[in-house]
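J.: Read off the chains here:
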Amino acid sequence: MSNTVIHAENISRKYGAVQALSEVSFDVTKGEVFGLIGPDGAGKTTLFRILTTLLLADSGSASVEGFDVRNQYKEIRRRVGYMPGRFSLYQDLSVEENLDFFATVFNTTIKENYHLVKDIYVQLEPFKKRKAGALSGGMKQKLALCCALIHKPGVLFLDEPTTGVDPVSRKEFWEMLGNLKRGGISILVSTPYMDEAEKCDTIALIQKGSFLKIDSPENIVNDFGHSLWEVSGKNMFALLKDLRSFPGIRSCFPFGDTHHVTFSDESISSDKLKKFLELKGHEDTFLRRGKAGIEDCFMNLSHEDDIL
Amino acid sequence: MKQFFVFIKKEFRHIFRDTWTVIILLVLPILMLVLFGYALSTDVKNTEIAVIDPSRDAATEKIISLLDLSDYFNVSLTVESPDQIEDVFRGDNPGLILVFSENFYEEIMHTGEASIQLIADGTDPNTAVTIYNYATAIIMSYQQELLRVQSFPYEINITPRYLYNPEMKSSYNFVPGVMGMIIMLVCAMMTSISIAREKETGTMEIILVSPMKPIVIILSKVVPYFFLSCVNLATILLLAVFLLDVPIAGSLFTLVILSFIYIFVSLAIGLLISSIANSQIVALLISGMALMMPVMYLSGMMFPVENMPLPLQFASHILPAKWYIAAAKKVMIKGLGFSSIVKEMLVLSIMAVVLISVSLKKFKTRLE
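Those protein sequence lines, which keep their order, are chains A and B. Using this note's numbering, you'd call the opening residue of the first sequence number 1 and step up by one each time. Using this note's numbering, you'd call the opening residue of the second sequence number 1001 and step up by one each time.
Worth flagging that the hints you see were computed from the coordinates, not collected in a lab. Where a beta carbon is used, it is the ideal one built from N, C-alpha and C, also for glycine. Hints may be right or wrong, so weigh each one.
Unchecked claim - Using 27 Å as the maximum straight-line C-alpha spacing, the simulated DSS-like pairs for lysine-lysine come out as follows: (1) A:Lys74 / B:Lys1364; (2) A:Lys131 / B:Lys1002; (3) B:Lys1334 / B:Lys1002; (4) A:Lys74 / B:Lys1002; (5) B:Lys1364 / A:Lys129; (6) B:Lys1009 / A:Lys118; (7) A:Lys208 / A:Lys14; (8) A:Lys152 / B:Lys1045.
To be verified - Far from chain A, some chain B residues (derived; all Cβ distances over 12 Å): (9) Lys1010; (10) Arg1013; (11) Tyr1072; (12) Tyr1134; (13) Glu1198; (14) Thr1201; (15) Met1204; (16) Glu1205; (17) Pro1211; (18) Lys1213; (19) Ile1286; (20) Gly1335.
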């Protein structure tokens, strides 16, 4: 168990009448990138705040690097790096001043741990005299990551680090996380983007305060357990409605320019569906076998009761 | 220790990089003092007087010239008949109309009785009363002159003397008041806003999840504003002495010690507000509504506490500013020593200790 960096057991937390988290349990092992995948309001930030000792859970227990979040919070605060969901640096301080400030607050200097942030900081270096508030979204996140890394934390908590960041910067950001992981840092990261889930070692799908599933992205995809069809046509909206009225349909969700469909009876042939759709007036429908992604799994798991 | 200094440096950067903060902190105090000292003075000077004088004899002319010669009045208008009084007030709007009775001098000499009517604009009662008092004093002085001429056997001389403020300057009252207000503004409002800002922008989250001890966070938030309050105190005192001619009659040392205690109280109030307020606007509203307004109206700076209804008097007693302003007046204006402000010092010290311990206790090591 010494390999466990974060351990959470049956954590529950309420805000007034809203149950933000209910009975959440999971483990993060050393050197792993653990992703919390779920929509806004699923309880990701609450979980981060509990683990970073900013909030107390109503019930359940959790530890980070072996220290209890309730009683040994001072130890944890010495050892973790935390990047809150919104940009939380001083907008009126320059890039350099921000980094210097956080380095000192964490009892270190930029010089001492420069090697940790070097890869990221070189991109910021040309703007080091610029006020943090005047940086682009991607640059802000890089700076925030630098500030969270400068004191050589054992665990990084990144709450939606790529929300509101352009696709190129998002990609770069995940590459950086890969490098950090190789450097031995464990990372707990949350994201509402399903495509980022595949870059994690383990993911937890979270919805309405509960974990739907915890596993590696591959296993989650492999466990989908249904054959998936991609259907497209001219009138996508009417198509969705008619697909859902097809007898034997199990699930049907719009996914970009196609609808992802599963059948409750695997023996149903695509021809039968095609004919059904033609009768409904859909010509030129296009059907093909697809491969389930994380998002399909998420939809599948989160709609277990009312699958349509 | 290094954390502490870096934090303070950061705090000063926040302050000096925001133009409005600089204005509020450093320019506003000067502006307020100058405003209260000059523009908003309650002294009445150069009031225009209109005169209705049917007698036109030696006595009335003497009285008119006495009034005209004084700093307080300018005799600018002569009105022919009492019927025009209304029109005069509507038109030229003098501060005062003087109506002499007919055959003024003769009446005095023969019957010993003559009358003057003073008609003032009652829409502003304070000014009206002040003008009335000034005018009466001047007329009385003429009367005494007359008595001396006539060698009247008995005479009661009334000689008013305003202790500590012989010229009755309103700045003597306002300087301690402005000090009380500015210190409260700088310490309580600015401290609470600066902490609330860290909560609002989320930086407080990161700082909390750091090895910094809460006490260090608090101290480094408070020290810059303590320093700025001292700067303000010095500016106000210098301006008071050299610009407004308000002397520091008592010991400067006692005044500074007293002000330090008051600064501590104000800082503690700021911390307390920040523990309730999660956003800058809430911090601003609380410190504005709950601190500035009472300090202005209830501290005795504008209206005497003794004239307030009982509940308000009670409210005034729990205001630190009331005690500070009262004590500052004693030291600055009356020149009294430490022994005479022991009560105020004690009250302020107890407030400081209680508020500081409560605010330290209330400072959250977590978000909730």
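J.: It remains to establish, for every hint, whether it holds in the given structure.
T.: Results for each hint:
1. A:Lys74 / B:Lys1364: Within the cut-off at roughly 14 Å; holds.
2. A:Lys131 / B:Lys1002: Distance ~23 Å between Lys131 (chain A) and Lys1002 (chain B) Cα, so the pair holds.
3. B:Lys1334 / B:Lys1002: 45 Å, violated
4. A:Lys74 / B:Lys1002: Given pair Lys74 (chain A), Lys1002 (chain B) holds - Cα atoms ~19 Å apart, limit 27 Å.
5. B:Lys1364 / A:Lys129: Violated, because 34 Å separates the two Cα atoms, which is more than 27 Å.
6. B:Lys1009 / A:Lys118: 25 Å, holds
7. A:Lys208 / A:Lys14: 12 Å, holds
8. A:Lys152 / B:Lys1045: 71 Å, violated
9. Lys1010: 5 Å, violated
10. Arg1013: 6 Å, violated
11. Tyr1072: 52 Å, holds
12. Tyr1134: 54 Å, holds
13. Glu1198: Per Cβ check, Glu1198 (chain B) is inside 12 Å of chain A; nearest 9 Å; violated.
14. Thr1201: 6 Å, violated
15. Met1204: 8 Å, violated
16. Glu1205: 5 Å, violated
17. Pro1211: Pro1211 (chain B) not clear of chain A: closest Cβ-Cβ about 5 Å, inside 12 Å.
18. Lys1213: 9 Å, violated
19. Ile1286: 23 Å, holds
20. Gly1335: About 45 Å separates Gly1335 (chain B) from the closest Cβ of chain A, which puts it past 12 Å; holds.
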